[in-house]
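Let's have the full structure, built from the sequences with the hints guiding it.
One line per chain: the protein sequences are X and G, in this order. Position 147 of the first sequence, counting from 1, maps to 147 under full-length UniProt numbering, and the rest follow consecutively. Position 194 of the second sequence, counting from 1, maps to 194 under full-length UniProt numbering, and the rest follow consecutively.
No wet-lab data here; the hints were simulated from the structure. Hints should not be assumed to be uniformly reliable.
Any copy, or any two copies together, can satisfy a pair, since identical chains are not distinguished.
In silico DSSO-like cross-links for lysine-lysine, where the CA-CA straight-line distance does not exceed 30 Å [said to hold, decoys possible]:
(1) 202 <-> 375
(2) 202 <-> 315
(3) 375 <-> 308
(4) 327 <-> 375
(5) 21 <-> 308
(6) 202 <-> 174
(7) 315 <-> 174
(8) 33 <-> 55
(9) 174 <-> 9
(10) 324 <-> 174
(11) 281 <-> 120
(12) 202 <-> 308
(13) 308 <-> 376
(14) 78 <-> 308
(15) 376 <-> 216
(16) 308 <-> 174
(17) 33 <-> 22
Here's the letter readout for the chains.
Protein chains: 2
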Amino acid sequence: MTQNHSNFKRLTNETAITLAKKLGLVNADASLKCNEIGDGNLNYVFHITDTVTNKGIIIKQAVPYAKVLGESWPLTLKRAAIEANALIHFRSYCPEFVPQVYYSDEQLAITVMEDLSHLKIVRTGLIDGDSYPLLSQHIGEYVAKTAFYTSDYHLEPSAKKEVARHFTNPELCKITEVFIFTDPFFEELPGDFEVELTDAAKNIWNDQEVILEVAKLKQSFETEQEALLHGDLHTGSIFASETETKVIDPEFAFYGPVGFDLGQYTANLLFQAITRNGAGKEEIFSHLHEFWNAFEETYTELWEAQNKSPFRHVKGYLPYLLTKFKKDAFGFAGCELIRRTIGLSHVADLNVIEDKVSRIAAKTSTLEIGTFLIKKREELDVPALIEALKQRTLPSYSTI
Amino acid sequence: MTQNHSNFKRLTNETAITLAKKLGLVNADASLKCNEIGDGNLNYVFHITDTVTNKGIIIKQAVPYAKVLGESWPLTLKRAAIEANALIHFRSYCPEFVPQVYYSDEQLAITVMEDLSHLKIVRTGLIDGDSYPLLSQHIGEYVAKTAFYTSDYHLEPSAKKEVARHFTNPELCKITEVFIFTDPFFEELPGDFEVELTDAAKNIWNDQEVILEVAKLKQSFETEQEALLHGDLHTGSIFASETETKVIDPEFAFYGPVGFDLGQYTANLLFQAITRNGAGKEEIFSHLHEFWNAFEETYTELWEAQNKSPFRHVKGYLPYLLTKFKKDAFGFAGCELIRRTIGLSHVADLNVIEDKVSRIAAKTSTLEIGTFLIKKREELDVPALIEALKQRTLPSYSTI
Numbered sequence: 001m002t003q004n005h006s007n008f009k010r011l012t013n014e015t016a017i018t019l020a021k022k023l024g025l026v027n028a029d030a031s032l033k034c035n036e037i038g039d040g041n042l043n044y045v046f047h048i049t050d051t052v053t054n055k056g057i058i059i060k061q062a063v064p065y066a067k068v069l070g071e072s073w074p075l076t077l078k079r080a081a082i083e084a085n086a087l088i089h090f091r092s093y094c095p096e097f098v099p100q101v102y103y104s105d106e107q108l109a110i111t112v113m114e115d116l117s118h119l120k121i122v123r124t125g126l127i128d129g130d131s132y133p134l135l136s137q138h139i140g141e142y143v144a145k146t147a148f149y150t151s152d153y154h155l156e157p158s159a160k161k162e163v164a165r166h167f168t169n170p171e172l173c174k175i176t177e178v179f180i181f182t183d184p185f186f187e188e189l190p191g192d193f194e195v196e197l198t199d200a201a202k203n204i205w206n207d208q209e210v211i212l213e214v215a216k217l218k219q220s221f222e223t224e225q226e227a228l229l230h231g232d233l234h235t236g237s238i239f240a241s242e243t244e245t246k247v248i249d250p251e252f253a254f255y256g257p258v259g260f261d262l263g264q265y266t267a268n269l270l271f272q273a274i275t276r277n278g279a280g281k282e283e284i285f286s287h288l289h290e291f292w293n294a295f296e297e298t299y300t301e302l303w304e305a306q307n308k309s310p311f312r313h314v315k316g317y318l319p320y321l322l323t324k325f326k327k328d329a330f331g332f333a334g335c336e337l338i339r340r341t342i343g344l345s346h347v348a349d350l351n352v353i354e355d356k357v358s359r360i361a362a363k364t365s366t367l368e369i370g371t372f373l374i375k376k377r378e379e380l381d382v383p384a385l386i387e388a389l390k391q392r393t394l395p396s397y398s399t400i
Numbered sequence: 001m002t003q004n005h006s007n008f009k010r011l012t013n014e015t016a017i018t019l020a021k022k023l024g025l026v027n028a029d030a031s032l033k034c035n036e037i038g039d040g041n042l043n044y045v046f047h048i049t050d051t052v053t054n055k056g057i058i059i060k061q062a063v064p065y066a067k068v069l070g071e072s073w074p075l076t077l078k079r080a081a082i083e084a085n086a087l088i089h090f091r092s093y094c095p096e097f098v099p100q101v102y103y104s105d106e107q108l109a110i111t112v113m114e115d116l117s118h119l120k121i122v123r124t125g126l127i128d129g130d131s132y133p134l135l136s137q138h139i140g141e142y143v144a145k146t147a148f149y150t151s152d153y154h155l156e157p158s159a160k161k162e163v164a165r166h167f168t169n170p171e172l173c174k175i176t177e178v179f180i181f182t183d184p185f186f187e188e189l190p191g192d193f194e195v196e197l198t199d200a201a202k203n204i205w206n207d208q209e210v211i212l213e214v215a216k217l218k219q220s221f222e223t224e225q226e227a228l229l230h231g232d233l234h235t236g237s238i239f240a241s242e243t244e245t246k247v248i249d250p251e252f253a254f255y256g257p258v259g260f261d262l263g264q265y266t267a268n269l270l271f272q273a274i275t276r277n278g279a280g281k282e283e284i285f286s287h288l289h290e291f292w293n294a295f296e297e298t299y300t301e302l303w304e305a306q307n308k309s310p311f312r313h314v315k316g317y318l319p320y321l322l323t324k325f326k327k328d329a330f331g332f333a334g335c336e337l338i339r340r341t342i343g344l345s346h347v348a349d350l351n352v353i354e355d356k357v358s359r360i361a362a363k364t365s366t367l368e369i370g371t372f373l374i375k376k377r378e379e380l381d382v383p384a385l386i387e388a389l390k391q392r393t394l395p396s397y398s399t400i
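The following block contains the structure:
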């Protein structure tokens, strides 16, 4: 896909404010401040606030390369339009969990949206020990609703194909295909880990059973168009408080296997389950239960109330699908655990552990749980997964 | 998808000749004759021949509704462009088995292509008892090549997604979804069969195991984008002689599960296996062996020589895929057998049997084999399928 960037112009704090005024989203004579607060890899994020009323908006702008990898990994600006359109789709199905989009401009790769600065990024919150009593219930409902409403069970299959065509997202999918499903599983491909993890990494590279299962999971990611996915549903893509949850950043949105969103969220809870002890660990186990229960209950309710397919009442069909989603999810979660440990993109949950022995122990455990999930995904369920986590007693340390 | 048909104009014999001359595909002062020879449901087919040299061309024009169903089933004219583009794609991978496209016009829904009138439609040939010693070897190679070269194992996954987007084909897929995967499996939905088949049909409708498996197969058809399929690979879509084989009519082309093309061809051989006896039946068994062997051998050769994925050498990966293709194919074949017997669109293979007792016996057998394929597809292989066919001894009759 060739793309003309000639109309692209990077925003500055000043032009961001000018745009906000032009759109009538802030008062023309208000006293405004603007900060670029992007900490992601692919975008600039301008936070504009009225210094008197304290009300704000967010202007997000994609840039034509991945910041973290330098300009050497060019990325279509079309992802800004994909993100804006995905937010609009997802919000139509669950407005309670998705920020509002006020405006988008495909040429400038800009999305103007609801200010969520009263909330905190969940990854940071969990590392800080904050409590999110409703988070996993909310995310379970969010995944169930987006997965059901964008599937062939709610949309007419013909309509679904048009939506899927619209959300073809080859460049962002490629990032996942390379960094989650390929590089971490081959010794000769790029990776990044402490030298102490070499043996554990080699155990994975040499385990043909793991590599075969990853091949199958990659094939599933590349071929199965079950629903419109968020595509990057880790705890860094969620803003929350004790009562409120908002899922942001769906620039990786595409039609894929439902288990991928389920698996990403599960894996990112597992980083916390692995690094915590005592009551903190139990709290994450509760999150896992709440997430999966909410997902399955909400999906089942939607299936029974809103599925128009003549096959909806066939005995065993819904259980077959729920089992498939879970099996896929556990496999995808395993890949995420491994790639965040020995691949190029790490997570703070593990890296904030300052004590090296503890950090290596946590990462070794992450690799083991990842391998376990990939190999045993067919027969595992949430209680069995939690049991396996309990049996892996880590040296006592706390990240909080 | 709304569509403007204002530029559409139906060809007549005269305007077809004018077009052929304008394109320089026939001599301007040649003596030409033109016959409309379309016997399909969705198109007009003009055969233009130079009465002196006897050389010809084919001009195919789609009409904006399905002929067989009247104007009540409107169909996008875009299918003509999909067909022309699919022919061009497939020919680039196996020119020996695909006719050449000389010209196409999306507005007029016209494809001008190679004249294949020296060959015979295989369904007719098989019913007539003609011998096609190379046919199944050729079709096995054809499916292997189109399936491999359009997959993520040959194309870059990003490039594949763009091709898949291009071949989004919701309206033609819907025909398959309704007439193959839905209507034949529910008593209350439209069907067409002799009253003597009522009990056999009820056995299927009441068999929850069959219906559940069909639900899974339909889900696979709707979601799995493994390769660019022909999408309608029955024996009426193949022209052949003893030495030559050409696959035509890919207007149903879309990215789907490889097993669908494999299954359609298998099922359409099975109609002959069921209706024949003695040496004629054995000949079809040979076709089944040759088809599956050629497919698996060619696919394996391509995998080993041309697959660039780092996963290509992983032990068990290729066998896993080949097993999946076969399992899917047998299930899809079962659906095709059933829908051609109790669904709206029948096949001559069965309907040419004039003796009613024999015809009902053949159709009952077709329904049984279809059910068997759907239920047992996980463990079945070609020899076991042939064994099952042998055990179902039909009353002696011949369609030849």
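Hints and how they fare:
In this assembly of identical chains, residue 202 and residue 375 lie within 30 Å of each other by CA distance solely inside one copy; the values are 16 Å within and 42 Å between copies. For the homomeric pair residue 202 and residue 315, the shortest alpha-carbon distance between copies (17 Å) is at most 30 Å, but the shortest distance inside one copy (44 Å) is not. Only between protomers do residue 375 and residue 308 lie at most 30 Å apart by alpha-carbon distance; the minimum there is 25 Å, versus 36 Å within a single protomer. For the identical chains of this complex, residue 327 and residue 375 are neighbours both inside a copy (10 Å) and across copies (22 Å), given an alpha-carbon limit of 30 Å.
In the homo-oligomer, the alpha carbons of residue 21 and residue 308 never lie at most 30 Å apart, since the shortest distance is 46 Å inside one protomer and 52 Å across protomers. In the homo-oligomer, the alpha carbons of residue 202 and residue 174 lie at most 30 Å apart inside one protomer (25 Å), although the nearest pairing across protomers, at 48 Å, exceeds that limit. For the homomeric pair residue 315 and residue 174, the shortest alpha-carbon distance between copies (24 Å) is at most 30 Å, but the shortest distance inside one copy (38 Å) is not. For the homomeric pair residue 33 and residue 55, the shortest alpha-carbon distance inside one copy (11 Å) is at most 30 Å, but the shortest distance between copies (77 Å) is not.
Proximity of residue 174 to residue 9 under the C-alpha cut-off of 30 Å is restricted to the intra-copy arrangement: shortest distance 26 Å within a copy versus 43 Å between copies. In this assembly of identical chains, the alpha carbons of residue 324 and residue 174 lie at most 30 Å apart whether taken from the same copy (24 Å) or from different copies (25 Å). In this assembly of identical chains, the alpha carbons of residue 281 and residue 120 lie at most 30 Å apart only when taken from the same copy (21 Å versus 71 Å across copies). Proximity of residue 202 to residue 308 under the C-alpha cut-off of 30 Å is restricted to the inter-copy arrangement: shortest distance 23 Å between copies versus 49 Å within a copy.
Taking CA atoms no more than 30 Å apart as the test, residue 308 paired with residue 376 passes between copies only; the shortest distance there is 28 Å, against 34 Å inside one copy. Only between protomers do residue 78 and residue 308 lie at most 30 Å apart by alpha-carbon distance; the minimum there is 28 Å, versus 34 Å within a single protomer. Taking CA atoms no more than 30 Å apart as the test, residue 376 paired with residue 216 passes in both settings, with 14 Å inside one copy and 23 Å between copies. For the homomeric pair residue 308 and residue 174, the shortest alpha-carbon distance between copies (15 Å) is at most 30 Å, but the shortest distance inside one copy (34 Å) is not.
For the identical chains of this complex, residue 33 and residue 22 are intra-copy neighbours only, at 16 Å inside a copy versus 67 Å across copies, given an alpha-carbon limit of 30 Å.
The structure is inconsistent with hint 5 alone, although it conforms to all the rest.
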